[in-house]
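A.B. asks: Got chain A sorted already, so can you dock chain B onto it with the hints?
There are 2 protein chains.
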Amino acid sequence: MKSEELGRHILVEFYNCNSGILRDHKQIEEYMKQAALEAKATIVESVFHHFNPWGVSGAVIISESHLTIHTWPEYNYAAVDLFTCGGEVDPWSGFDYLAEKLESEKTETTEVARGSFDKIRNFSNRDMSGVNFSYKTIE
Amino acid sequence: MKSEELGRHILVEFYNCNSGILRDHKQIEEYMKQAALEAKATIVESVFHHFNPWGVSGAVIISESHLTIHTWPEYNYAAVDLFTCGGEVDPWSGFDYLAEKLESEKTETTEVARGSFDKIRNFSNRDMSGVNFSYKTIE
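Protein chains in written order, with my numbering: chain A, 1 to 139; chain B, 1 to 139.
If you're looking for bench data, these hints aren't it; they were derived computationally from the structure. Check before you lean on any hint, since a few could be wrong.
Selected chain B positions facing chain A (in silico; Cβ < 10 Å) [claimed, not checked]:
| # | residue |
| --- | --- |
| 1 | Glu45 |
| 2 | Val47 |
| 3 | Gly58 |
| 4 | Ala59 |
| 5 | Ile62 |
| 6 | Ala79 |
| 7 | Phe133 |
All residues carry an ideal CB built from backbone N, CA and C; glycine is no exception.
In isolation and in its complexed conformation, chain A is listed as follows (with noise of 0.2 Å):
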């Protein structure tokens, strides 16, 4: 079956991670941005802030859209978004990278269709017969 939305968005729960990572904003930062070229994307540009106490919360802008993230050490938990457009990117290789540098011995993951071809037609007012649907990245 051919997709038929603009984007794959991935909502991932990582519990059980290693408390220590969660609390390091630089290898945070490190982790996402890696993720994003594990999951060959083009990374447009990054912000990631160390909050006090503790926590890191950032996101990666990249041509295919986002990658974000929240953690709560003291929980050993964190918060993953992996939002991609475009069949040449796999949210799911940055989603096995994540798991894995953060230690993470639990996750539960949900996907999501973001903007599907047919709702976009039959919501529009407008006459979008002539409007040919791609999967492209915006550049």
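C.D. replies: Structure of chain B alone, referenced to chain A:
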């Protein structure tokens, strides 16, 4: 019923938006930052990019997690995520604001709990009995 998760994450599909607005990265950045303020969140940093030939991607890191947007002006469509932590913040106010500003005539939303306290407790390898779960934002 008391909320029992670290964060609330609203995934929004904005259909039938004003295409001109979706192309304007300065306007989109302004609207996304204001959406964070409407939600009573505290902005930490933001990154926005305009892509050729069109489309905007951006993230607003807030003390309480993040807001992101990706726009496809050619389809009058935008994918927005509002991820907030803490009881003081209301992501739905941000949603309402954006629906109006993007002139979206059709929206679909999904709210997802992130970091369920029960799951963190149940999946943990360590004794969590002394851990005080709270809705604090990372400051």
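A.B. asks: Checking hints one by one. Is B:Ala79 an interface residue toward chain A, by the C-beta closer than 10 Å rule?
C.D. replies: Holds: closest Cβ of chain A sits about 5 Å from B:Ala79, inside 10 Å.
A.B. asks: Minimum Cβ distance from B:Ile62 to chain A below 10 Å?
C.D. replies: Check passed: Cβ of B:Ile62 comes within 8 Å of chain A, closer than 10 Å.
A.B. asks: Given B:Phe133 was flagged as interface, is its beta-carbon under 10 Å from a beta-carbon of chain A?
C.D. replies: 8 Å, holds
A.B. asks: May I ask you to test the interface hint for B:Val47 with respect to chain A, counting a Cβ-Cβ separation under 10 Å as satisfied?
C.D. replies: This interface hint holds because 5 Å falls under the 10 Å limit.
A.B. asks: Using the nearest Cβ pair, does B:Glu45 come within less than 10 Å of chain A?
C.D. replies: Given a least distance of 5 Å, the restraint on B:Glu45 holds.
A.B. asks: Verify the interface restraint on B:Gly58: the C-beta must sit less than 10 Å from at least one C-beta of chain A.
C.D. replies: With a minimum Cβ separation of about 7 Å from chain A (threshold 10 Å), the hint on B:Gly58 holds.
A.B. asks: Restraint: B:Ala59 near chain A, CB-CB cut 10 Å. Satisfied or not?
C.D. replies: 4 Å, holds
Of the hints listed earlier, there is not a single one the structure fails to meet.
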